[in-house]
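This is what each chain is made of:
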Amino acid sequence: EADIYQTPRYLVIGTGKKITLECSQTMGHDKMYWYQQDPGMELHLIHYSYGVNSTEKGDLSSESTVSRIRTEHFPLTLESARPSHTSQYLCASSERQGAGGTQYFGPGTRLLVL
Amino acid sequence: AQSVTQPDIHITVSEGASLELRCNYSYGATPYLFWYVQSPGQGLQLLLKYFSGDTLVQGIKGFEAEFKRSQSSFNLRKPSVHWSDAAEYFCAVGSLNNNDMRFGAGTRLTVKP
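Residue numbers (my numbering), protein chains in the order written: chain W, 3 to 116; chain R, 5 to 117.
It is possible that part of the hints are untrue.
Unchecked claim - Partial selection, computed: residues in chain W whose CB lies under 7 angstroms from chain R:
(1) I21
(2) F107
(3) P109
(4) L113
Hints in this document: simulated from the structure, not taken from any laboratory. Virtual Cβ for every residue (Gly too), placed ideally from N, Cα, C.
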């Protein structure tokens, strides 16, 4: 069973607020990911990290930013939330470079921006 | 780049009936293939994966999938569906050298009593 955690699970917030979605894993995985998921759509990769101090943007443009100061922690920040940011955000980690490594997912954060 | 197609958006089956969810992929080299399941309000849970070897892969919860290179398919099957199998199912393709994994749009499974 994968040990990857996301907080908060649900968040309702007003436009213009700064928010940080937390993601932590206890498996010692080097690679971590953030996906955005909308109903009936495929998962879209918005950020990933190879390891500490490494962050890359994914194939879906996002106004969010990420940091990777510790192996186990990969928070995602929105400086000024907008209704268009309403979505579900999934964090994942994998144990080796390349997509061949199985990705393990957290439970997700469902964000609603009013 | 790789891509995944799940032709069925929504499937309804009766409890106890067999199930097959379709997945077609596009990738030039040998793919790594995955099936994940997502229950409402939850993240994705890995059901099974194919990297190499036997093309019939067994997973958790009684699921299996068969890799058919000639058809570029990786269909998920279960001989007898349980009500608890109602969920969204995602097929995904990756490779050793790429930095990301591509997911299909998902198939929502409804189980009738």
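### Query
Can we keep the W/I21 interface hint, with Cβ of chain R closer than 7 angstroms?
For W/I21, the interface hint is violated, since the closest Cβ of chain R sits about 19 angstroms away, which is over 7 angstroms.
### Query
Does W/F107 pass the interface hint, meaning its C-beta sits closer than 7 angstroms to a C-beta of chain R?
4 angstroms, holds
### Query
Is the hint on W/P109 kept, meaning its closest Cβ partner in chain R is under 7 angstroms away?
With Cβ-Cβ at 5 angstroms, under 7 angstroms, it holds.
### Query
Is the shortest C-beta separation between W/L113 and chain R less than 7 angstroms?
Violated: closest Cβ of chain R sits about 13 angstroms from W/L113, beyond 7 angstroms.
Checked against the numbered hints listed earlier, the structure breaks hints 1 and 4; every other hint is satisfied.
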